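Novice: The chain contents come next:
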Amino acid sequence: DTGVSQDPRHKITKRGQNVTFRCDPISEHNRLYWYRQTLGQGPEFLTYFQNEAQLEKSRLLSDRFSAERPKGSFSTLEIQRTEQGDSAMYLCASSPGQYNEQFFGPGTRLTVL
Amino acid sequence: QKEVEQNSGPLSVPEGAIASLNCTYSDRVSQSFFWYRQYSGKSPELIMSIYSNGDKEDGRFTAQLNKASQYVSLLIRDSQPSDSATYLCAGGGLTGGGNKLTFGTGTQLKVEL
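Chains A and B are the protein sequences, given in the same order.
For the first sequence, counting from 1, position 42 maps to 194 in our numbering; every step adds exactly one.
For the second sequence, counting from 1, position 30 maps to 140 in our numbering; every step adds exactly one.
In case anyone wonders, no lab produced these hints; they're calculated from the structure.
Keep in mind it's a predicted model, so treat the numbers as computed, not measured.
One thing to keep in mind: the hints can contain errors.
As the list claims (entries may be wrong) - Using C-beta positions, here's what the derived DEER-type ranges look like:
1. K152(B) to R174(A): 34 to 44 Å
2. L121(B) to Q193(A): 10 to 20 Å
3. A178(B) to I164(A): 47 to 57 Å
4. K177(B) to T263(A): 18 to 28 Å
5. E253(A) to R187(B): 21 to 31 Å
6. E125(B) to Q169(A): 25 to 35 Å
7. Q169(A) to A178(B): 19 to 29 Å
Backbone N, C-alpha and C define an ideal beta-carbon position, used for all residues, glycine too.
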């Protein structure tokens, strides 16, 4: 049973560039979540999919952020025109749907210079 | 008032002692709760979930939920140096819908030899 995987694990980019992250959930988990975590804080919810449907988006998710889960399996999170304030760990979690237990991937650490 | 609150610590306990971690939540947070362990630079790892009033034990870990007091705790018995990490308390979902987790800022635990 493989866990949640994320790619890349680290990304360094210059301000203004676009970046895209990928998340592969645990097989057969129909719920997929994106969170963002900065130093000294707990993860903050960004968005959530059930199968391919994006059901909830946080107000943190500005129009520069977009997420997709086209076939209900893997998901991508794109950040356009990155800003230094976007520097954070981007975490993906998946859930089988019952009881809200969510299992996190290793995260993608983004540094915007 | 934050929705999920934790004392940031650090909480220092000697090896072999019981570590007690506490979390309070606002009435907007759902009635499902989770404890995650996070080592520095790593992603959160689910260690306990609790859904109803009372205690739930799993190995050296016991989670306690008191809905009347809006209080969740985690006890770690026979603490080991490998337990040194940040422990994140999370509430599942918000009143009115959604399945996102709302996290506290975490409590840093140090188990000393």
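Novice: Could you tell me which of the numbered hints above are not met by this structure, giving the numbers in increasing order?
Specialist: The structure breaks hints 1, 4, 6 and 7; every other hint is satisfied.
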